[in-house]
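As they're listed, the protein sequences go chains A and B. Numbering (the numbering used here) for the first sequence: 1 to 120. Numbering (the numbering used here) for the second sequence: 1 to 173.
Hints were generated in silico from the structure; no laboratory data involved. Honestly, I wouldn't trust all of these hints.
[Stated by the list, open to error] Below are the DSS-like pairs computed for lysine-lysine, each with C-alpha atoms no more than 30 angstroms apart in a straight line:
| hint | chain 1 | residue 1 | chain 2 | residue 2 |
| --- | --- | --- | --- | --- |
| 1 | B | K96 | B | K152 |
| 2 | A | K27 | B | K19 |
| 3 | A | K26 | B | K19 |
| 4 | A | K115 | B | K71 |
| 5 | B | K65 | A | K115 |
| 6 | A | K26 | A | K39 |
| 7 | A | K39 | B | K100 |
| 8 | B | K100 | A | K26 |
| 9 | B | K71 | B | K19 |
| 10 | A | K26 | B | K5 |
Please read these numbers as outputs of a predicted model, since none were measured by experiment.
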Amino acid sequence: MENRFDLSEKLYRAVYPPENMPMFWKKNGEISSAVFKDKNGLSVERLGDRTEETVLQDMHLFFYGAIVSVFVKDCLDCDAVVKYLPTRRSRYHSEIHRSNEIKLLTQSQCKHLAKAAVIL
Amino acid sequence: MVIAKSMEVRDNFKALCGKVSSGEIVQINRPGKEQIYMIDQKTYDSIQSQRRIGSYATFLVGKDKISNLKKLSEIQNLSDNWNNNGAEHFSDALIKSVRKIILGITYQPEIFPTACNAIQLEWDNEQDEYLEMEILEDGINVFSIDAEGDEKQWSTSVDIDVINRIVGEFYGK
């Protein structure tokens, strides 16, 4: 798979902990920007060569909670960096970082992504 | 627990009362999936007492505070690797600090765990503005977005008076 991302490619994020999903839901129905804060790098699955249906099926093999999606463009709009980092578990694994040097996204970047995120 | 239909209760009322008196609970299944219960005086008094304590606590502390304290307990119970990516459980010191904030502030936030050793507090006001605080063990990262979309980010100390002032200003008080 290519190392580059199209702006229109979707990235999928599993919301943990799955047994307690409402933990990240706000009273107004939005998700909290806290979903996007991870000092170890925000793990996502890229759409790649799959349909969205297949992505969700694949993710539900390992995860039974809620999944949210953002576009690559949403990440670039807030100056975040999308890195393709395949693992043994998934050749679609990628991460969203603050910059090339720092993994943890800023509060502003997280809020931007939370606003753009679609709950699937 | 004894489960009985309404008709069975009618036919065996005396015997069931005897069981209830000895501490048994009788669940009576009524048409339409409705259930009612027969309980003894001791159980009834205990329920009433817990209700009174619950409503007194709500009266004293406030519904939103109670709700936030409950959520904080859930956050406290998250174990290591709760996000499946190495997030650590939250330290007792941080939980204690956030509990103190919840109890000490006027405008209650919504609270969320993060995988960066911080507990996040969020407020939204009627002007579509946003205020966020990441509570860390040794400080607070504050982030706000005003009605025009302008963002501000700064750090401050964990101080109830400072937090109350920032949140008060956010609500125009």
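A quick look at each hint next to the structure:
no.: 1; hint: B:K96 with B:K152; result: holds (27 angstroms)
no.: 2; hint: A:K27 with B:K19; result: violated (45 angstroms)
no.: 3; hint: A:K26 with B:K19; result: violated (47 angstroms)
no.: 4; hint: A:K115 with B:K71; result: holds (23 angstroms)
no.: 5; hint: B:K65 with A:K115; result: holds (26 angstroms)
no.: 6; hint: A:K26 with A:K39; result: holds (22 angstroms)
no.: 7; hint: A:K39 with B:K100; result: holds (26 angstroms)
no.: 8; hint: B:K100 with A:K26; result: holds (22 angstroms)
no.: 9; hint: B:K71 with B:K19; result: violated (39 angstroms)
no.: 10; hint: A:K26 with B:K5; result: violated (42 angstroms)
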